[in-house]
Every structure is written in C-alpha cells, then in structure tokens.
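Chemist: Reassemble the complex: the two chains are provided individually, in unrelated frames, and hints are given to aid placement.
Below, each chain spelled out in residue letters.
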Amino acid sequence: MTTAPSGLTGPAAAAERDAVAPTTPRGRRGGGPAGRARKLTPYLFLLIPVGLLLLLTYVPVVNMFWYSFTDWDGLDKTKNLVGFDNYVEVFTDPDNVRVFLVSLYYVVGSFVQMALALYFATLLSFKVRFKNMWKGILFFPYLINGVAIGLIFLNFLKPGGGLDTVLMKAGLDGLIHQWTGDPDIANYTLASVSVWRYTGLTFVMFLGAIQSINSDIYEAAALDGATRWHEFWHIILPSIRPIVGLAFILGISGSLSVFEIPFVMTGGSNGTETFVIRTIWMAFQRNTVGLASAMAVVLLLFVLIVTWMQRKIVPEEEVDLT
Amino acid sequence: MFPQQRRRRLMALAAAGTILALTAACSGGSDDPADTSSEGGSDTPSGSISVLTWRTDLVEDGTFDKYVEEFKAKYPDVTEVKVEGVTDYEGTVKTRMNTDDYGDVLAIPGSVTPDQLGDFFEPLGDQAEMAKEYRWINDKSFEGKSYGIPVVGNVQGILYNKRVWEEAGVTEFPTTPQEFLDDLQKIKDAGVAKVAPLYTNYKDSWALSQWEGWRGAVTANPDYVNDMTQTDTPWTDTSDSGVIDGTIYDVVANGLTEADPTTTDWEGSKRLIGIGDIATMVLGSWAIPQMQAAAEAAGADPADIAYMPTPAQVDGKFHTVAGGDYNLGINVHSKNKVTARAWIDWFNHDSGYSESQVGLSPLVDGPVPDALSGFMENVELITMNPAPEGQESLFADIDTASGIVTTDPKYRVQIIDDARSGNRTKQEIFDDLNSKWAEGRADVG
Numbered sequence: 001m002t003t004a005p006s007g008l009t010g011p012a013a014a015a016e017r018d019a020v021a022p023t024t025p026r027g028r029r030g031g032g033p034a035g036r037a038r039k040l041t042p043y044l045f046l047l048i049p050v051g052l053l054l055l056l057t058y059v060p061v062v063n064m065f066w067y068s069f070t071d072w073d074g075l076d077k078t079k080n081l082v083g084f085d086n087y088v089e090v091f092t093d094p095d096n097v098r099v100f101l102v103s104l105y106y107v108v109g110s111f112v113q114m115a116l117a118l119y120f121a122t123l124l125s126f127k128v129r130f131k132n133m134w135k136g137i138l139f140f141p142y143l144i145n146g147v148a149i150g151l152i153f154l155n156f157l158k159p160g161g162g163l164d165t166v167l168m169k170a171g172l173d174g175l176i177h178q179w180t181g182d183p184d185i186a187n188y189t190l191a192s193v194s195v196w197r198y199t200g201l202t203f204v205m206f207l208g209a210i211q212s213i214n215s216d217i218y219e220a221a222a223l224d225g226a227t228r229w230h231e232f233w234h235i236i237l238p239s240i241r242p243i244v245g246l247a248f249i250l251g252i253s254g255s256l257s258v259f260e261i262p263f264v265m266t267g268g269s270n271g272t273e274t275f276v277i278r279t280i281w282m283a284f285q286r287n288t289v290g291l292a293s294a295m296a297v298v299l300l301l302f303v304l305i306v307t308w309m310q311r312k313i314v315p316e317e318e319v320d321l322t
Numbered sequence: 001m002f003p004q005q006r007r008r009r010l011m012a013l014a015a016a017g018t019i020l021a022l023t024a025a026c027s028g029g030s031d032d033p034a035d036t037s038s039e040g041g042s043d044t045p046s047g048s049i050s051v052l053t054w055r056t057d058l059v060e061d062g063t064f065d066k067y068v069e070e071f072k073a074k075y076p077d078v079t080e081v082k083v084e085g086v087t088d089y090e091g092t093v094k095t096r097m098n099t100d101d102y103g104d105v106l107a108i109p110g111s112v113t114p115d116q117l118g119d120f121f122e123p124l125g126d127q128a129e130m131a132k133e134y135r136w137i138n139d140k141s142f143e144g145k146s147y148g149i150p151v152v153g154n155v156q157g158i159l160y161n162k163r164v165w166e167e168a169g170v171t172e173f174p175t176t177p178q179e180f181l182d183d184l185q186k187i188k189d190a191g192v193a194k195v196a197p198l199y200t201n202y203k204d205s206w207a208l209s210q211w212e213g214w215r216g217a218v219t220a221n222p223d224y225v226n227d228m229t230q231t232d233t234p235w236t237d238t239s240d241s242g243v244i245d246g247t248i249y250d251v252v253a254n255g256l257t258e259a260d261p262t263t264t265d266w267e268g269s270k271r272l273i274g275i276g277d278i279a280t281m282v283l284g285s286w287a288i289p290q291m292q293a294a295a296e297a298a299g300a301d302p303a304d305i306a307y308m309p310t311p312a313q314v315d316g317k318f319h320t321v322a323g324g325d326y327n328l329g330i331n332v333h334s335k336n337k338v339t340a341r342a343w344i345d346w347f348n349h350d351s352g353y354s355e356s357q358v359g360l361s362p363l364v365d366g367p368v369p370d371a372l373s374g375f376m377e378n379v380e381l382i383t384m385n386p387a388p389e390g391q392e393s394l395f396a397d398i399d400t401a402s403g404i405v406t407t408d409p410k411y412r413v414q415i416i417d418d419a420r421s422g423n424r425t426k427q428e429i430f431d432d433l434n435s436k437w438a439e440g441r442a443d444v445g
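Protein chains in written order, with the UniProt record's numbering: chain A, 1 to 322; chain B, 1 to 445.
The hints are simulated quantities; they were obtained by calculation from the structure and are not laboratory data.
Among the hints, a few may not be true.
[To be verified] Pairs of lysine to aspartate or glutamate residues, derived as EDC-like cross-links and limited to a Cα-Cα distance of at most 16 Å, are as follows:
{"no.": "1", "chain 1": "A", "residue 1": "K77", "chain 2": "B", "residue 2": "D100"}
{"no.": "2", "chain 1": "B", "residue 1": "K436", "chain 2": "A", "residue 2": "D95"}
{"no.": "3", "chain 1": "A", "residue 1": "K127", "chain 2": "A", "residue 2": "E231"}
{"no.": "4", "chain 1": "B", "residue 1": "K436", "chain 2": "A", "residue 2": "E89"}
{"no.": "5", "chain 1": "B", "residue 1": "K82", "chain 2": "B", "residue 2": "D101"}
{"no.": "6", "chain 1": "B", "residue 1": "K436", "chain 2": "A", "residue 2": "D93"}
{"no.": "7", "chain 1": "A", "residue 1": "K158", "chain 2": "B", "residue 2": "D265"}
{"no.": "8", "chain 1": "A", "residue 1": "K77", "chain 2": "B", "residue 2": "D115"}
{"no.": "9", "chain 1": "A", "residue 1": "K77", "chain 2": "B", "residue 2": "D119"}
{"no.": "10", "chain 1": "A", "residue 1": "K79", "chain 2": "B", "residue 2": "D115"}
[Unchecked claim] Taking beta-carbon pairs under 8 Å as the criterion, some of the chain A residues facing chain B (in silico):
{"no.": "11", "residue": "T180"}
{"no.": "12", "residue": "T266"}
{"no.": "13", "residue": "S269"}
{"no.": "14", "residue": "G271"}
{"no.": "15", "residue": "Q285"}
{"no.": "16", "residue": "R286"}
Ideal Cβ positions, reconstructed from N, Cα and C, are used throughout, including at glycine.
Chain B extracted, bound-state conformation (with noise of 0.2 Å):
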C-alpha cells in the first residue's frame, strides 16, 4: 500500500526522458493468449527464472547472491535465478509491462490498479485461504484472488534519535499532535540537533509520502481510507489527513525543520540522524536498519536509533499501521510459474528477508525483531480493511482524477513552500484540497 517510489529513487530521467521514449517503447506489445497456458508440466521447481528487485543495494552488496545459493541448493533442479536490480523500480517496471517480457517474479508497481492485476500477474490462490498462511494480501487482491504476497511488513510512525530527544529532556512518547510540535521546540531551544529537529527530505520528496503512512493511526479507524472515498471534505482540523498535512505545515511554519529544504540529501540524512545533527525523520519503519547501519559508520551508536508512533491517541492507546511492504507476484506471462512460485513461498519463509529488515514477517505466525519489540508493546497495531467490494479502484480513481494523487510528494512539497512563504493558510490549502477532492468525486461518479 505504500508507495511506490521509496529508497533509491535517483532521479526519474531515465524513465523520463520524453514522452515520445515512452510512446516508442509501448507501441510493441502484443499479446498473445496461447502464451499463458503454463509450460513444462512438472511440478518441482527446474530450469531457469529471472527476478525483479528494487532493492539494487542487496544485489550490489551480494545479498541477492547467497539468497540465489541457497535457493539453489534446496531445488537442485534450478539452473539459474537472473536477478537484476532496477534503480527507478516504478518507472522502469511499468514501462516495461507493456511488452511481456518484465521477469518471472518481481515486486507489483503501486500504479498497478486492483481491477488490472489479472491483466499481468498470476493468480496465487484464493484470498480466504491465503489469509490464513499471509498477513496484508489484501491491497494486492481482487475479487478474491491474491496476486501477490508482501517480503516484509512494515509499522508506520516517525524515527527519531533518542539521544538527542533525552538531551533536549523529552522522554515521553508525544501524545498529541501539538505535543510533538512542543517536543521538536524544546529540541530546537536546546539546540541539540544542529542541522534540523526534523527533517523533512523535500528535495528527495519521495519521503513526503512517508507522511502517508499515519493515515488510519490518528483516529484508530482501519477504514480510514475507505471513508475517504465518501466525503467531499476529507480534510478538516482532526480528520486524518487534515492532522498529517496540519502538522507538516505547522512544522514547517514554525522553523522547526532545516532551513533550507531545496538542497536537502536523503543520503547525506542517514548520517546527519545517526549522529545526532537531525532530531526526527518521519519514516516507515523500514528506514531503521538503514539508519543505523549509517549510524555505525558514521562512529555514532545505532542503539540511539529509535521508532516513536505517530503523536495521537484513541482511549489513552497509541495505534499504528502495519501493512506490507511491496508484493511479489509472477508475471502473468511466464514461462516457468513453478519455480516463480517457489522462490516466492522460500523468500517469504526460508530468506529470513524480513528479519534482516527489521520488519515484520509477512507469515501470520512469524517473529517480531527486537529493535521493534519495545515500540511494539506500547502500541496497537491496525490493518487498514480492504475496499468493498466493487469499489477495489474508486479511492485510485478519485485519487488520479482530483489531481492531487496522494501517493505522490507533489501536493505536500507545495504545502511546504506555502508554509514557508506564507502565501496560503492552512485553512485555504485544505480548502483547496477538499475542493479538488471533491470534484475528483464527481468526475468518477
């Protein structure tokens, strides 16, 4: 459910380019229905598969390879897994789903709408039966088929130094939106964070949308998203995306981030929070490993890396989101849907990915890490309900028509250039967005 355009999200030019390298690439696909009928009858994994990942730093770094090992060394039957990495995962991938050739496994882009999963990725089984063996398959199914199966969950709230928060006196898990507001003033008064008490990563906007993911926690409302789709004034003052997008300004209004967010650096960040100079980053809880591996490098103690939830509470209860990360599903056109399968069932089970992520496992019986088990006794966890049936694509339809795509940093980073000029009020910009929302609504009818 989260987007689409995490972590190495370089720069969108290769995809961009023009639109005309766009159109050319798209004007060869044609299908062919014979080619589904799945081939090579046998039921044991055998022969070769190639693998899609955005995870280009795990296949540098050799990960991938020894994953490849083992998996080999369980099929002795394989001969190959060709994993490649691809850097603009979004836009590459979608690009290439117009021919058939996009890989036997890889992760389904966000674009990828529920009514068009059948279209290009293979029935896993059934919703119901799945369910009982996968946690989160709900956002990649329709009309109860799963189509894929999320490699790690993820808990959404906001990552923080904990060092840092203590120097500054704050020991206590903020409880309201202004009281974190409060906290990350007390931070900046006692000057401990040099470069920002929070930092928003504008530049490298993709880590806006991070932002997102409290949808759902503040008012502990698991149809939150669902609700959305129902009224022309999604944002009010405690509306879910009202108080996410309030909070953005008012930390933005308050000087409480770096000064100037044009020329921040996700990378640089990683060690800016590890050693102390950025109080606070509102990310996934996937960012944890990340962070603290810079930590280390950066001579600073990845323990101080810490994960507090989002700053709101529902009968004295901290809650939080746990959803999935991106989904492995097969290509609709494989060759070799067997083996697909089983790297999926083995990645899920045998990798120990999640672990190694510092995320929840994707089994409904898997283990929680350590470095979350503290945050995880504090708090509720909420798992957004599906759309009803029938309406699997009305919250991406209202989304796409309105103009504001919420998946997409765009609308925030413009928030925050109104909240630093002040040209625009928080109650015109949510006027703005409710009116845009709105129309979104009429034109999907």
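Only chain A is shown next, with the shape it has when bound in the complex (with noise of 0.2 Å):
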C-alpha cells in the first residue's frame, strides 16, 4: 500500500501527463508537438477496436472472395483458380434454387411476426398494469439462445411431448400432427418458432419508437375526440414507419440465412433444408469449400440487394406530425 502511489506516478504515468495537461490551455489550435498528440488521441483508441474488426472480420470476407474462385476442399495445400464456374454451379443447381423457396415460408412468419409485435406494442403502450412484467414476458425468448430454443422445442414438439399432451388434455386430440416429422407442416413449424423466438425484438423495437411519440399529440388528437383505433392509424403508425421499415429489412434478410433453428430441430432433412444449412453442407461435408464461399458471396449479395431495394422503396424520410 505504501509503495503504490510511488509506482503509480511512475516515468510512463508522469510523461502522460506533461504530454496532455499543457495542451489544455493552448486551447484547439495544436501547433506543437503535444498538440499532434492530442490530435491523434482518438486514432490511437480506435487502433485496437479497428485492428480487431479488420482482422476478424475484413480479412477472412477477402479471404472467402478469394476462395469462392476456387476448387479448394479446406485441406489440399494448392488452390486452383476455377473462375465463376462456383457462381455457375450455385444457380444451376436446382437443389440449390430450392432451398431458396423454404425460405418463402419464413418470410410470411416474418410478417406475422411483425404484426404481432405492433399488437402489443400498441397495446402496451397504453396504460396497462403490470406493463413491465409483460413487456418482459414478450422480450424473454429473444435472450435465450438460439441452439437451446431448438432443443427446447425438439422435446416440445415430439410426439407424445408437451404440445401433443396439452392438445390431448384439451380434448383437441384431432390437432395432434408429427410436427417436425410429417414433410407438409415441417416448415410452418420451424418458422412459428422463429416468430416465436424474434416477436420480442421487434416488439421492443416498436415499442421504443411508440414511446418516443410526444405525448401532447395523444391529448390533442383526444381533445378532437380520436378512438385508440385513431390514435392508432393517425399517429403511431406514420411515426414509426422508419422501424417498421427497418424490422421488414431484418425479417427478409433474416428469412434468407435463417440457421440455428432448423439446423437444431432437424437438420434440414424432410424438406426443411435452409441455404445457410446447405452451405455448411457443402463446406463440411461435401469438401468443397470454394463452392460453399461462393454460396456465402451469393447470399451477402441478395441481403444488400434486399437492403437497397428497401431504402428505394420506403426512403427514410423525416417524420412530422405537427
């Protein structure tokens, strides 16, 4: 304890500060040396976090550009250049054409999920008990992890499981279908569990941009003699058209590489194979990593088309009410 404030106002401690503390004064011009110091402060704070992000994430997208031109395995020590023949190869294959349409059924679940999120968030935002209790009910399952959501459900789901058993206490017995296990309904019920697992962020989302409305609107509009139903279509609505915009570019984007969920509860297989699962497929598998990068190039292409075409079509303009 003692020799600690010595240690403390050690050389390296001591330069720091004759280095930064005449600066104050000399006020924003920075004419000498000490003033290029503060200068490049901030760079210096950013060297780390950049560094970090171009190495993980910069570098390997470059490298997997690379490789998707490409006949590598992931093992072999040479690479030989194919040219586009992966790209060919990604959009001849019908089996790689297919899986696109699974997709398509979780997009409509995206839909759905955004509809129910504005639900309670309306709801919610009007004066309702025990309102932080169940706005913490609705955001929960978005904590939860997405592996462990799967497994959750695997057992959920199974026959003779708790669904089947609830179903069966309820005298629905009719009801009860081989959920993951019979090829006409798989699909819907992968995707309700995706609704059920993201309906808690775009609630939130939603919830945020209703709360930031000014409340003198409310009593104005109430003044006018408006139904919640007006509030409603009037106000909340075109106040956070920007986020509903933003959670349709998620749900589309998020629809094209959905991943965790179906690669849990089944795999793929029964018809229920997503691209993200096809690719690791082909990846890990199939030994062809250069077509799997390829297949990661093709689907970071259709999310930043999806994004621009939404930006095209619901510009992100300024919102006034007044």
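Modeler: Given below as structure tokens:
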C-alpha cells in the first residue's frame, strides 16, 4: 500500500500527464508536438477495435471472395483457380435454388411476427396494469440462445411431448400431428418457432419508437375526439414508419439466412433445408469450400440487394406530425 | 474406410458457425519445410507428445489415463502424453490441419484424400513390408507408402436383439433382402418391438452411412467400390448400391421403422435396443460394446445383443466386409516422431484396445473376440481391394463432383423422406442417383 503511490506516478504516467496537461490551456490550435499527439489520440483509441475488426471480419471476407473462385476442398495445399464455375453451379444446381423456396415460409413468418409485435407494442404503450412484467415476458424468448430454443422445442414438439399432451388434455386429439415429421407442416412448425423467438426483438423496437412520440399529440387528438383506433392509424403508425421499414429489412434478410433453429431441430432433413444449412454442408461434408464460399458471397449480395431495394421503396424520411 | 462422422458427432455447430470462422482459421498456416527434419536424434522414445482422439468417452472415463500410465511404464523417458479428446473430430481436426499444430499422433480424418496423405502425415513404412504385420492398411496408403495403421478392425452387418427376433419366431439369419423385410414384418406383426422393428437413427443421420458397410458384401465383390468408378449406373436392382438403398426405401415404405424419424435419438436408442423395444439397427460391429453396456445399465441381458451378416448370399454363403476403423498417423510437422511411432506401435500391440472394443485386431495374427466368434463361423470375410495405381483418389473425386457424397448420410435422408411421402418411387431415385453419378464421372473425366 505504501509503495503503490510512487509506482502509480512512475515515469510513464508522468510523461503522459506532461504530454496532455500543457495542451489544455493552449486550446484547439494544436500547433506544437503536444497538439499533434492530441489530434492523434482518437485514432490511437480506434486502432485496436478497428484492427480487430479488420483481422476478424474483413480479412476473412476477402479470403472468402478469393476461395469462391477456387476449387479448394478445405485441406489441400494448392488452390486451383476455376473462375466463375462455382457461381455458375450455385445457380444451375436445382437443389441450390430449391432451398430458397424454404425461405418463403420464414418471410411469411416475419410478417406474422411484425403484426404480432405491433399489436403488443401498441397495446402496451397505453395504460396497462403490470406493464413491465408483460414487456419482460414478451422480450424474454429473444434472450435465449437459438440452440437452446431448438432443443426446448424439439422436446416440446416430439410425439407425446408437451404440445401433444396439452392438446390431448384439451380434447383436441384431432389436431395432433408429427410436428417436424410430417413433411407438409415441418416448415410451418420451424417458422413458428422462429416467430416465437424474434417477436420480442421486433416488439421492443416498435415499443421504443412508440414511446418516443410526444404525448401532447395524443392529448390534442383526444380533444378532437379521436378513438384508440384513430390514434393508432393516424399517429402511431406514421410515427414509427422508419422502424417498421427496418423490421422489414431484418425480417427479409433474416429469412434468407435462417440457420440455427432448423439446423438444431431437423438438421435440414425432411425438406426443411435452408440456404445456410446447405452452405455448411457444402463446406464441411461435401468438402467443396470453394463452392460454399461462392454460396456465402451470393447470400451476402442478396441481403445487400434487399436492403437497397427497401431503401428505395421506403425512403427514410423525416417524420413530422405537427 | 468408414465414415468419418460416427459416434459422438453431436452438433457440427462448433465447427460450423459460419464460413467466416473457418476462413479466419485457415489464413494462418505457413509451411516451413525445415520443420519436417526430425529432431532430437535419439532413437529411444522420450520427452512429451500429444495425442488427438475421437473417443471423448474413453478420455472422460479414465481409460486413456490408464493407457498413458502403462505406456510411460514401458518407456520411462517419456515425460508426458497429452491426450486431447475432440468432439466433432472430423470437422475440428480438418480445420486444425491447416496449421502445423495438430498433435503428434492423430487419427487420419476421412476427408483426407490419398494423394494428400504425404502433405500431412509421416510415412510409417513400405506398404508391402507393413502388410506382413498389419491388416487393412490399404486405405491410408499412397504410392506404396503407408501413412496410417487402423486401431481396430470392424465387420459390417446388422446389430439386432436376439431375444426379440426369437420371440417373433425368427431363428435363422435372413438370406435375401426380401427375407429380411419379411422377418421385420413378422416382428412388427408379433408386436414384440414396441418402438420399431428397425430403427433408422434418421435424426443423428450419420448412422445411415453405416449401411455403406454392406457395399461389397452383397455380391461378394471385393472390387465393388473400384468398379463403381467404371460405370454410369451403379444403382440397379442387383448391384450392391441398389440393394442397400433399395432396402432402406422398402423398409421405410412398408412402415417397418419408427413412426416419426425426425425425432430419433441415438443415445436413447442404445437403451431401447437393449430392452428390446427396437429389434434391429444397421451398424458396424464397433457398436456392440456400447449397446451391451446400455443393455446392462437398463437391467436387460447384454447377451441379447447379437450380430448378423448382410442379408445376401453368394454360392450359399454369407459375406461381410472387414475393414479398419480410424487409422493412427503421425503429424508430418511433429517434433517427436520417435515417441509418436512408439505410441502407435504400443497402442496396437499392447494396449488391448481392439479386444475391449469387440473388434478384430489390426495385427495379422491377432485374436478374434468372443462376442464375434459365432458370427465369424458363419461368414466369409472380405477385405476390399485398394484402388488401382494412379486412381487412388478417383472414387472420392467422382463422389464429390456428383454431389451425392456417398460417405455422407444426406442422400439417404432424402431416400427416407421420399419413401415416407411417396414423392418418388425407388426407380426414380435410382435414375436420379445414376444420372448424378454419370455427371460426376464426366466432370472428373
């Protein structure tokens, strides 16, 4: 304890103080060497996070682009360039195209999810008892890890599992199905699980936007004799339009890249294979990393295109209700 | 020769993640040829080595600690043997092999093609010389050099619960696929196996690639796999591939399997076959000790677990393919190859691993385990022939190019889906597989 102070004001700390302190009174001109150091400071702080970002995100992505033009199998010492062959195969193999159709189930699911989220967010923006508890309950599923959700629902939906028991108790035996085993409904089941998981996130986004609406507007509307429905249609919905747009992009791009839930629950069997599951299979089971990289690049481009289209269709304009 | 993804192949999630994660791991490995010169000139095993194993269960239950202790007792100069159990062995080790650091002794992953062996593994000796001492070394040999020795030999056939089959009135081994189906039907009609006459383990789909073990046994042709590379139509009614995949289709289409295959459970299935709720599973002989242990744990008689050959006879005899399990090899970048080699030799000669696994010893004059001796009397063993010189990688290349990937269960999962929904007939499936195979052959040229 007694030695600590002298240690703290060691040469390094002292030098740092010297470097910073004198510049303070001199203001923003920053002519001398100390001023340059001050100008550099933010960049020094950026160095590490940006360095990590480059190392862990951009370098691998550049590598992925490079792999996508080779026939690499994930192991070989040599990587032969094959030009656009991999990209041609991504679009000509009917199996690769088929998996995109599976995404449609999730696109539909994302609309259901937005509708549910909007409904709950609007409801909870009014005066409701135990408001925070309801919010917590709705948001909680989003906090659970996707793999855990897959495993939970696997047990819940298996024949004789939780759902079947409830249906049986309620006397609805006729509704019992093989929830993941019946090829006609397996995708609906998985999409519903996905909706269950992500509704909370969309809900919180909507709720945040709704709560930022100035309460004066409601008062004014109430004076004019507006009903709850009028409030929703003429105040809430227009105010949160940019957030609805955002939820829309997230929904579409999420639908294209669905992975965890179907991977854990069915492994992509029984007609539930998604594009990402197929990509993983290509890379690790078929050992065609080049082709898998091309699929990953294609997915990236699709998501970029969807985002760009959304920006064109729903421009992010300033909302002005007054 | 057999897959890769057997046993504890939980979820590939760890390895999967994203392609990004993989590429990140790959961008490092630089090769330094100077590394390969073997260091520390002494010939007696000493120092420390690390061993990668896929048997995480044996690491956890202390079996490997015992092995290490015995090994050190034999070679007192060895200071440490670090055993690393790897879950999802195939995926993890393959990714690690892009660096130089993948243990000193490791099992050669199934995705390494023969022509790549020399890049990653130290040659253990001349194939002809080694063949005098060891069996099944063809798979991991290239251009006359052997790179791996199997830890144990497996035979391939059908694992079944003897009590259940007898209760249904079946006491003879079925001799044709049709008879096999009829017997399963009898078991179903007798209602003795509550869950399924035959359990597919569809959810843990790797079990479906175990059917691959019938290849060669159906027509008693040790060159069957080599012949596949020479034909555009490997799937016919009488070919091995056609019989295997046709049987899968028929078993499922006739409702002789579990009701909802998407919810099968590998760990649970061990107990179910032990107590007789499942009558049959198609698995290699390596599964026998696991099923027996599960039967015992569930209070059933482990002697009920028995093994039968592929239901096909040539000249009135059953045949079964015997082959090596995982092969142990030495990392070409290892700093302690002498000790690594000593571990491999010790493991095959002195560890008692093959007996404990109810497998055949990899040694030419090794003993036959008791549990298999009855089976072996009725069956003629076949060892698959190696690919002809210069075509070592041909099968794997066609297999990958065709997009079928016969070592992977995916196409059989599709067959089961089709058999359940009736979307495609058996013939349509065969036609599709044949056309893909022909395409793969054309691509490889």
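Chemist: The hint names Q285(A) as touching chain B; please verify it with the least Cβ-Cβ distance against 8 Å.
Modeler: holds, 5 Å
Chemist: Is the Cα-Cα distance between K77(A) and D115(B) 16 Å or less?
Modeler: Holds. K77(A) to D115(B) sits at ~11 Å (cutoff 16 Å).
Chemist: Holds or violated: K77(A) and D100(B), Cα atoms, limit 16 Å.
Modeler: This hinted pair holds, its Cα atoms lying about 12 Å apart.
Chemist: Assess, step by step, whether the Cα of K77(A) is no farther than 16 Å from the Cα of D119(B), and give holds or violated.
Modeler: holds, 8 Å
Chemist: Check the hint pairing K158(A) with D265(B) against an upper bound of 16 Å on the C-alpha distance.
Modeler: Measuring from Cα to Cα gives roughly 11 Å; hence the hint holds.
Chemist: Mind checking the alpha carbons of K127(A) and E231(A) for me, to see if they're no more than 16 Å apart?
Modeler: holds, 14 Å
Chemist: Taking 16 Å as the top limit, are the C-alpha atoms of K436(B) and D95(A) close enough?
Modeler: holds, 12 Å
Chemist: Does the interface hint hold: is S269(A) within less than 8 Å of chain B, judged Cβ to Cβ?
Modeler: At 5 Å from the nearest chain B Cβ, S269(A) passes the 8 Å test, so the hint holds.
Chemist: Run the distance test for K82(B) versus D101(B): straight-line Cα separation, threshold 16 Å.
Modeler: holds, 14 Å
Chemist: With a cut-off of 8 Å, does the beta carbon of T266(A) approach a beta carbon of chain B closely enough for the hint to hold?
Modeler: Hint holds; T266(A) Cβ to chain B Cβ min 6 Å, cut 8 Å.
Chemist: So, R286(A) near chain B? Judge it on the closest CB pair being under 8 Å.
Modeler: holds, 5 Å
Chemist: Taking only the CA atoms, is the gap from K436(B) to D93(A) under or equal to 16 Å?
Modeler: Judged against 16 Å, a Cα distance of about 11 Å means the pair holds.
Checked against the numbered hints given earlier, this structure breaks none of them.
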